[in-house]
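Given chain A, put chains B and C with the ligands in place with the hints provided.
Residue numbers (this note's numbering), protein chains in the order written: chain A, 1 to 190; chain B, 1 to 782; chain C, 1 to 350.
Note that these hints are calculated values from the structure, not bench results. Check the hints yourself; a few may be wrong.
To be verified - Have a look at the derived ranges for each label pair, beta carbon to beta carbon:
hint, chain 1, residue 1, chain 2, residue 2, range
1, A, D186, B, S622, 48 to 54 angstroms
2, B, L269, C, A96, 57 to 63 angstroms
3, A, A115, B, E27, 53 to 59 angstroms
4, B, L269, A, A115, 44 to 50 angstroms
5, C, A142, B, S90, 17 to 23 angstroms
6, B, L269, C, A142, 36 to 42 angstroms
7, C, A142, B, G221, 35 to 41 angstroms
8, B, W567, A, G67, 50 to 56 angstroms
9, C, Q31, B, S90, 18 to 24 angstroms
10, A, A115, B, G221, 56 to 62 angstroms
11, B, P151, C, R199, 48 to 54 angstroms
12, C, E55, B, D603, 55 to 61 angstroms
13, A, D186, C, A96, 23 to 29 angstroms
14, C, T296, A, E159, 34 to 40 angstroms
Claimed, not checked - Straight-line distance between alpha carbons at most 20 angstroms, and here's what the computed EDC-like set of lysine to aspartate or glutamate pairs gives:
hint, chain 1, residue 1, chain 2, residue 2
15, B, K413, B, D339
16, C, K54, B, D316
17, C, K54, B, D339
18, C, K54, B, D705
19, B, K47, B, E518
20, B, K769, C, E250
21, C, K54, B, E317
22, B, K47, A, E124
To be verified - Calculated from the model, a selection of chain A residues having no Cβ within reach of chain C, i.e. all distances over 12 angstroms:
hint, residue
23, N44
24, L119
25, E124
26, L182
27, A187
In this text, a Cβ means the ideal position worked out from N, Cα and C, and glycines have one as well.
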Amino acid sequence: MFPGARAFPEGELTLMKEDPQENEKSAAASVLGPGAVPIVLRVNGETHPLLVEPRTTLAEALRGSLGLTGTKIACNQGACSACSVWLDDLVVASCSILAIEVGERRITTIEGLAAGGRLHPVQEAFIAHDAVQCGFCTPGLVMSCAALLAGNPHPGEAEIQTAISGHLCRCGTYPHVVQAILALADAKGD
Amino acid sequence: MDDEFPRRREKFPFGLAHLGLDEVEREIPADEPPPLAPNAALTQIGKDIRRWDAWAKVTGAARYTVDVHLPGMLHAAVLRSPLPHARIRSLDLSPAASAPGVHAALTVVEPPADGVPTVLRYVGQPVAALAADTPALAEAALRLIQVEYEPLPFVVDLDGARRPDAPIVYPDSEWQKSPSAGLPAAAGDLPITGNIRGPESKGSRGDIGAGFAAAEIVVDGTYHTQVQTHCCLEPHAIVAAWHEGGLDVWMSTQFTAGVRAQLARHFQLPLSRVRVRAEAVGGGFGSKSQIGIYGRTAVALSRLAKVPIRLVYRRDEEQMDSGNRPSSEQHLRIGARRDGTLTALSLHSYGSAGIAFGAGVGNMATALYRCPHVESRQYDVFTHAGPACPMRGPGNTQGAFALEQGIDELAGKLAMDPLALRDVIDPSPVRREERRMGAERIGWTQRKPPGADQGPVKRGMGMAQSLWSANIQTNAACELRLWRDGRVEVLSSVQDIGTGVGTVLAQVVAEELGLQPEDIHVRIGDTEFPSGPPSYGSRTTASITPPARTAAWQIKEALFRSVASAWQVDPQRLTVQDGWIHLRDEPQQRISWREAAAALRTDRISAFAGRSDDYAGFRSRSGDAAMALNDLGGVQFAEVAVDTETGVIRVERVVAVQDCGRPINPLQIESQVQGGVLMGVSYALLEERILDTNTGWMLNPNLVDYKLTGAWDTPQIEVVLLENYQGFSATDAYGIAEPANIATAAAIANAVYNAIGVRMRSLPMTPAKVLHALGAVSGGPR
Amino acid sequence: MEAFQWQQARSPAEAAALVTQTTAEAMLTLQGTPSAQQAILVKAGGVDMLDLMKEGLVNPRRLVDISRLAELQGISREGDDSLRIGALTTLAQIAAHPGLRQSHAALAQAAAMAASPQIRNRATLGGNLLQRPRCWYLRSAAHHCLRKGGGHCFAFAGDNRYHAIFANHGCAIVHPSTPATALLAFHAQVELLHPQGQRRQVPLEDFFVLPEADMHRENILAAGEILTAVWLPPQIQTNRSIYLQVAEREAFDWPLAAVAVVVDLDAAGLCQRASIVLGAVAPAPWRARQAEALLTGATINGKTAEAAGEAALAGATPLAQNAYKLPLLATLVRRAVLAAAALPQDPRAS
Ligand SMILES: Cc1cc2nc3c(=O)[nH]c(=O)nc-3n(C[C@H](O)[C@H](O)[C@H](O)COP(=O)(O)OP(=O)(O)OC[C@H]3O[C@@H](n4cnc5c(N)ncnc54)[C@H](O)[C@@H]3O)c2cc1C
Ligand code: SF4
Ligand code: FES
Ligand code: FES
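If we strip away everything but chain A, and leave its shape as in the complex, we get (with noise of 0.2 angstroms):
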């Protein structure tokens, strides 16, 4: 019944790669703030060296230092997603995370999906099936499904349902977000 107990892929060790260098800098580095401390993120593809507080959320930085502000706080506590970036290439609640600990990480917001002016096929889609009514907690919704898609061309409704779970949007969007990824996905098959 439960092969896999015994048969345990080995090397699934998924550690950080040691990076010597890396602990050569924080060696240095040590205690920082309360006040402003001057750090770099990697936005959209761009770098920006600003000054935060290690009090400030990553999502504080984007759309304050920053001015990216199509990523929205609605709650700040983690429990609607609408200010969703990715930290890499994942997922992540802007809010409950703090500026400076994002180092070397690349952060992608809603403005840098878009590629030179180009809508992501998310964007189309969303615009296509109506499924943006206040567009308050859209730009969130379109960084989840985007990311889905980029690890699953073909995701089928309870992985679109999965995947956009932890938004919130009172408007109501959810039935045209779904027909909208769904859509996206069948187009997609070949």
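Just chains B and C with the ligands now, with coordinates in the frame of chain A:
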């Protein structure tokens, strides 16, 4: 009516489109366009046109009030009452006012003076506010404000507040200063005893005793509905900039023009000196209709600090102090004859809007069905809780939960199909048709008797109806501009809070001008433009599309006159299609829209139109608001699965059959209806503002424990839309946002009854309540 | 949120040496307002930490961030076939791990059901086990309750619909960790690194603390101690496991009640060993010992499963508003036992 203006007679399409249309003759103002053909004959109206601001919203470019950043802007924070009832003995702002980074501070309540005490009446009530360089500095400075509170006895629950010895919320007639929560603000002179004010008995008629005496069957039930909060994803937000020339405000509001009027009045400024903007608004649902204390506070801080002030609510402030849907306890009795005709209907309701009034729920019970003897007694019960305010279908949504279950129960007792019973008692031909269509779509004939399923998971089907008035704002206008380069702009202060009114305006104008919707530049959400209607009361489309069409028609006529004089023909011979103006009888004689515009005498011509009265008149009007002769219907069907061992209700499918006069954008309407249904599912199963009876605090002032439906809780929602023509206005379009929300919870409750054979008379229908109702729990409260 | 200092730890040992208090200790105050910013606290994913700090429930002087420490990441198989899950392994990694999904299905299922995808991508297993409870009085700075050093519990006379029905004397929190329910069913151990450098392994069961023992903490973590890993003892090939929960929302909701079941069936279908752990009903993940005993040596069928469900309720002392958790639990246990043994859910259901 506007007798001094010339009028003419026209024939309009009339009736439900899918059943075949009649004609009706109406007298209309001479400066309004001829009747619009039914949707089937149109190219833009009635089509699924893409949302005008979707691009901005999916790219993050849309600018909401929370995104507005002005140079020199300060951040405001509000000190709130930590006690549900208290007297302020002393209040000293000075330590905060002189704190680092603080530039202005003021008291929000009247500070105590010469023996006149300041009384606070709910946890979260604003006490004072200040503005500082950063939000963090502002929050930190709040702690420096010195307030001495004298705690007073309090009561936050409906039962407690009705006890004879209950702590009193308002002594004497102080309640009259309280805000109104609901429908026709029953502000008038009603008796008040302790915390109970009322009854308000609008809609009562006949002799209730005689009615019940004539009844052969009586059903009787008590229903409870909870307090629901709006939970707009964008919190309440304002950026106010007081300057030499007047006042500039950005606000997340449902009514820019209304906010302007309120600000002008409050700060004694000329209307023309106040500008209110709302570029994108992240939801409202009734809670963003007024300037509110927070809005006035931000403006006052700006006047004091002489710089722009930003005030944005945190989620907990949003939950505790931005309004809510009042609770209700409804005692409903219905008497009927064996053939189903109603003889008597009595609804006694107690509801709490906290410190506000207007918790009545009587509209549905008094108006939906034919019944000669009706007794409505609506009581407001004041509690030490945050004030309610209108919320999507105020009153009717609560009322439907009781009334539509009562009718369902009556049908059961009469051994009649609930649809057949309604055919007997519901006078509306539109709803009759909606019942028929909905029944067909959901497969009503498959419906089983209550509790018929074997096994722990039982499925059921139920339906419920809604009633909403078709509302109009008469103070609603727009301007149409045609520029020499051919650009067309439609301008109004009307705001798009997610309803898609901008798209609808573009469609109406494009239809009239023979252009594409994307050719129309929609400029709205700014009081520099003609005053538009509010985005509440399901009245926006109904109020603004007729003037938009009229203005477009007038611009077209002007352009035709210009072309006609060049061609030396009668302008009557011109028409426009696909961007070309041509002679009706000689289509090859033509000129493009652009070229025609280029020949205008001036750089720009403009037409201004306001909302005229409905062509058949209004049922009633008060101030800027009027009610059309028709009502908005709506019938919803729900299919549920109830796990009787866990109490979990899963709503699997909802069929919503709705009408809104002439549908302008079916896709956007579908979105709206899905939203209404989802809010109803959420109300039915999850949402509840929970106040601690011992401390008066809200225990779930967040979006974690205050639960909203997520994607996984979403049923399959099918929207069936009627086209209902009545020849009432230049577009004949009415609203839909509220009717789509009213019937949902009741339809679900009826489906739950059908599934398990037990009636759920209390919202939300949580697993705990279902298990209790099924008798699976020994002990414990309801 | 108050301002604080930031320090990136270079090793678990350094973190242990730096940290001065547990978060629970830092939340204890006499007056109700955490005033003196004394504590140096450790932060992993930060999901709970930031939540507590935003509400002003804890105002550390400094946060020591361990979230980037390589030593604490990853899932590995050790010599004796036990599994070591680094404390920083995220719930998303656990939920998606192909090996775990087979060998420890209940754990992967529990991790997948906790919170949202966004949170699972950040939430670490260590932080999840050490997060503070969700009691709404505890989470509200306005309610200075027993667990924060105050004089009384607000839940008993207040709203206790989501509170504990077992071991709820004095304080009625339910343990917030969803994965913990499953971990306990697999007899997991936590590995702790002491500031003085000693490592110790503690069975999860002994790690958690009930209110009757100490009202102010949920576990025995000592100040400065770092949770470095969770160990899962080797599994028997025949074991089958499942995690089930009931919540008000279909997804992204805290359970009203939950259960993790692990059973070993022999060739004849007799249950050799059963581990049944209840979640969201007690201040710690709660072993239903009577139910376990009842199944051991028995054939699993509708009857025994039902009896196990009833037995799981032994000792429950529901409060005014949460008696509904009893039938819920009985159902969950019955269903989980049957599902773990791969029998039809419910003979009456079909
Ligand atoms: C909206 C929402 C819904 C949620 N739903 C669920 C749910 O359904 N089920 C569930 O289980 N959880 C749920 N959570 C909680 C979430 O899973 C936890 O907050 C998260 O797992 C904490 O992990 P972290 O790494 O972010 O911990 P942190 O916030 O970094 O730390 C939490 C605590 O543990 C301490 N700590 C962390 N790591 C260590 C270590 N290695 N050694 C010593 N001390 C340490 C910290 O000092 C702190 O006190 C939910 C959270 C939110 C916001
Ligand atoms: S249950 Fe525990 S945490 Fe909650 S109020 Fe009571 S003592 Fe505090
Ligand atoms: S704002 Fe970050 S999750 Fe809600
Ligand atoms: S579109 Fe308004 S909240 Fe989602």
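We went through each hint and held it up to the structure:
1. A:D186 with B:S622: 48 to 54 angstroms: Check passed, 52 angstroms falls within 48 to 54 angstroms.
2. B:L269 with C:A96: 57 to 63 angstroms: holds, 60 angstroms
3. A:A115 with B:E27: 53 to 59 angstroms: Since the Cβ atoms of A115 of chain A and E27 of chain B sit about 57 angstroms apart, the hinted range of 53 to 59 angstroms holds.
4. B:L269 with A:A115: 44 to 50 angstroms: Because 47 angstroms falls inside the window, the suggested range holds.
5. C:A142 with B:S90: 17 to 23 angstroms: holds, 21 angstroms
6. B:L269 with C:A142: 36 to 42 angstroms: holds, 39 angstroms
7. C:A142 with B:G221: 35 to 41 angstroms: Check passed, 37 angstroms falls within 35 to 41 angstroms.
8. B:W567 with A:G67: 50 to 56 angstroms: Since W567 of chain B and G67 of chain A have Cβ atoms about 53 angstroms apart, the given range 50 to 56 angstroms holds.
9. C:Q31 with B:S90: 18 to 24 angstroms: holds, 21 angstroms
10. A:A115 with B:G221: 56 to 62 angstroms: holds, 59 angstroms
11. B:P151 with C:R199: 48 to 54 angstroms: Because 52 angstroms falls inside the window, the suggested range holds.
12. C:E55 with B:D603: 55 to 61 angstroms: holds, 58 angstroms
13. A:D186 with C:A96: 23 to 29 angstroms: holds, 25 angstroms
14. C:T296 with A:E159: 34 to 40 angstroms: Distance hint for T296 of chain C, E159 of chain A holds at roughly 39 angstroms.
15. B:K413 with B:D339: holds, 11 angstroms
16. C:K54 with B:D316: Cα-Cα ~12 angstroms, so holds.
17. C:K54 with B:D339: Violated, at about 62 angstroms.
18. C:K54 with B:D705: holds, 17 angstroms
19. B:K47 with B:E518: Distance of about 14 angstroms is within 20 angstroms: holds.
20. B:K769 with C:E250: holds, 17 angstroms
21. C:K54 with B:E317: holds, 14 angstroms
22. B:K47 with A:E124: holds, 19 angstroms
23. N44: holds, 19 angstroms
24. L119: holds, 23 angstroms
25. E124: holds, 23 angstroms
26. L182: holds, 18 angstroms
27. A187: holds, 24 angstroms
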